[in-house]
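Keeping the supplied structure of chain A fixed, place chains B and C upon it in accordance with the hints.
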Amino acid sequence: MPKKTDIVLDEKKINRALTRIAHEILEHNPDFNSLVIIGIITRGAFLAQRIAAIIEQLEGVKVPVGLMDIGLYRDDVHSKLDQPVVERTEILFDIVDRNVILVDDVLFTGRTVRAALDQIVDFGRPRTIQLAVLIDRGFRELPIRADYVGVNIPTSKDEQVILNVKEKEGIDQVYIQRKNNKPDAQKKSSLKTSLKKTKRG
Amino acid sequence: MASKKYDLVIKNGRVIDPALGFGKDAYVFIKDGYIKKIVPPSAAVKRELKNFDERQIVDAHDKLVVPGLIDMHVHLREPGYERAETVASGCRAAAAGGFTSLCCMPNTNPCIDNQETVKFVQDRAKSADAHVYVIGAITKNIAGEELSEIGDLFNIGVVAVTDDGHYVQNPEIMRRALEYTKMFDIPVLQHAEDVYLCAGGVMNESFQSTRLGMKGSPAVAEEIAVLRDIALCRFTGGRLHIQHVSTRGAVEAIRKAKQEGVNVTAEACPHHFIFTDDEIAKGFNTNLRVNPPLRTAEDRDAVIEGLIDGTIDCIASDHAPHSEEDKDCEFDLAPAGMIGLETTLGLVKTYLIDKGYLSWADAIRKMTSNPSKILKLERGTLEEGKIADITIIDPDKKWTVDANKFRSKSKNSPYIGWKLSGKVFKTILEGKIVFE
Amino acid sequence: MGNLQSRHLLGLEGVSQEDIMLILKTTDSFREVIERTIKKVPTLRGITVLNLFYEPSTRTRISFELAEKRLSADTINFSTSTSSVKKGESLRDTVQNIEAMKIDMVVVRHSSTGVPYYLTQCMDANIINAGDGAHEHPTQALLDLYTIWKKYGKLDGLRVVLVGDVKHSRVIRSNIWGLKTMGASVALCGPATLLPYEVEEFGCDVYTNIDEALDGADVVNVMRIQLERQQLGMFPSRREYTNLFGINKERLKLLNKNYTIMHPGPMNRGVEITSEVADGKHSVILEQVTNGQAVRMAVLYLLSGRKEEGE
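Residue numbers (numbering that gives the first Met the number 0), protein chains in the order written: chain A, 0 to 200; chain B, 0 to 435; chain C, 0 to 310.
If we strip away everything but chain A, and leave its shape as in the complex, we get:
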């Protein structure tokens, strides 16, 4: 359980953020029938369902929702000892000439979004792809930005931003957690190895 002080968003704030995102999506895409939403597995998928539900409440339109696992499009498949488990991608509608809203929970390095963009293109040529994220925590490694952001949360690199959802954990909340391994010790050792490398080089 996260400490109370670590919680940055509660259920109310999350709902508010998602509702605002839904409004903005509708505002930018007056042709509601062209909209499709694709959530990135696993957390983005839940958020995609929720945004679609809010849109239905607001406008009475049923926007098709798809799920996407980006495991097969990752750029670090061969640099790890472990292969990520591949989940099923389910996009049961045509995306050609549609306005695709790509949904993820946290925007960080941008690599996940890059993989998702490549995958979407392999399904067809949409009119636009727009990115919606609940949280933007900075530290981008690729030139990617979100069109709809729930909250901007400044973080440091050795922190993790974690979203819990009712569907999985029984509670809606976002909290910040330090990485498990002691960050100071890690820094030291990485400094050592980099020194070694310099010497050798």
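What the hints contain is simulated information worked out from the structure, not anything from laboratory work.
Cβ coordinates follow ideal geometry from the N, Cα and C atoms, glycine included.
Wrong hints could be hidden among the right ones.
Unchecked claim - Label pairs and their calculated CB-CB ranges: (1) C:Q16 to B:W417: 30 to 40 angstroms; (2) B:D395 to C:P55: 34 to 44 angstroms; (3) C:T192 to B:F183: 43 to 53 angstroms.
What the hints assert, rightly or not - Here are some of the chain C residues that sit facing chain B, going by a computed Cβ distance under 7 angstroms: (4) L90; (5) P195; (6) V198; (7) G202.
Just chains B and C now, with coordinates in the frame of chain A:
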């Protein structure tokens, strides 16, 4: 000051000579390549040693002094396959393994079915580190069809005949071989595996071959072959020797035949009393591909029982060198055979003597006096007046089998890296130290 | 993280239930990929896969090649119908050449048992066995398992009959290990001359009467009967084989209601199976082919990039 009466004396050793029933501490005196006398230690004999130069004395303290070992089943590969072994290199390996005599198999190229090839091998062996007894082919070209000129072969010194590697499948030919050799009183050595039943077989037929999907060579192929030849031996009154016995069925058939008084003898190889066929799946080591194949635990135990109760008379290595290039391939395409001259003694000590199956005397008998008796050899005993072929064994010496130390030209041994107990200390051939 | 215990797939003997389940679940994801319009993902970009086929094969090789291409791997084919020895180049030399070409993964088929293992001993690449002698053919068995699993939602408790030349079939051997590990009950059936020695030790029920074998079974996996075996006298005639072991409509009555007919192909129609059965509504023979690709993609994906421990 050097002794002129003797060339060499072995002192302080424990002499084991199964032929003499000898098993006590003694001094062995050698002159001109012959054993002059063997005497128990005494003040007088110790005094006598004062006349000796230090180089004339071998101190065998804590060692066993036994007749030079005889390996009655060796492939020297010359002529024809010198890439794998030559008479010289094979004999060097023999000396390093404690063998002073070996019997070379006739499946060379050309094969040893004529006087010229026998002479060639004998000639090559003249200056070698071991004495070579040549075994001739039963049939011309080892084709199993016509008897070779066995009389001619006998007259030039061949001590037995065999088509080793091939079973004499035609019973009529085998009958003639057993009858014909009676004239010379030499045994027919049989590689007993029915050709049809083992066609294409690459390992023992058991659940292991079933599991690996490899073509099996069934134990019954050996049993049938042995039973047929025992029947022929009984019928003809010839002398039959079964090579590399590997199955329970064969051991039992031989035991029964011996009880009946049939003139049959047998040998076994270390790999058949050590390995079982489940070893193959552990790494498809092509050095484990042998004919007859490694069998089940039940068969292996039967071979050990046969060695214990004397059903199996001899221990032979079936030293079968193959070059690294020939063995480094698919398991089922590899030629059959493993080398053994340099590991047999250590394996016998570690796997038969240390386990309590055989005494030293029993083991030495199966590598000296028994093969000597079967083949009617001049060697294999320490009797006074006999040729001074002597092996001195360091009985409990621990050592590791090292491929780089093999004197054989080939290294196809599955024992590389094994830790064994019991090693040759010195090998003496005709009074000369050929290995130490 | 999904991690197979081994970095090679040499056989199904000894592969754990968890590993088989991971492969089947991953296969599910790739089954979706091959239903897409663009049946290609960039996952194995930069990975070079060599298909080393020492035995003639069309189906398995094409299936692997498609799987590799759909994962964006670079593929090379090396096929020869003769063994390395006959060709004059030793297996070791071939292998060293491959190693020098910086190949990442090797899919190998060879007529000798143990060749995939041999490759693991002399190179760093991930090795996938596409059939070695009569030993194992793990991807074929995995696709059979996947096909059954998709239909019944389980493998545990099903009764599967494997019919044919048990002695010489690597598909049967791999199926036995895989099915038993997953908790299925396995029956073997074939002419007594084609049942290998001590076959009962696999822990399967063994039959020489097809009707007894089929009684109460859920799945029948019919193997191709090599017609050369008859020439070698392993059974008296094709006609007699069909009479005694052929799967026909009449015999299907013995099976459980929701039964399944499988065949790894290529079929000898009218010999081991009638066309009526092969094309019937319980047949999943073509489904097996499609699943084969997905299974091979899953295996390639799960093994790719797996290095020696400690590297």
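Each hint, compared with the structure:
no. : hint                                 : verdict
1   : C:Q16 to B:W417: 30 to 40 angstroms  : holds (37 angstroms)
2   : B:D395 to C:P55: 34 to 44 angstroms  : violated (57 angstroms)
3   : C:T192 to B:F183: 43 to 53 angstroms : holds (45 angstroms)
4   : L90                                  : holds (6 angstroms)
5   : P195                                 : holds (4 angstroms)
6   : V198                                 : holds (6 angstroms)
7   : G202                                 : violated (11 angstroms)
Going down the numbered hints, you'll see the structure goes against 2, 7, while the others check out.
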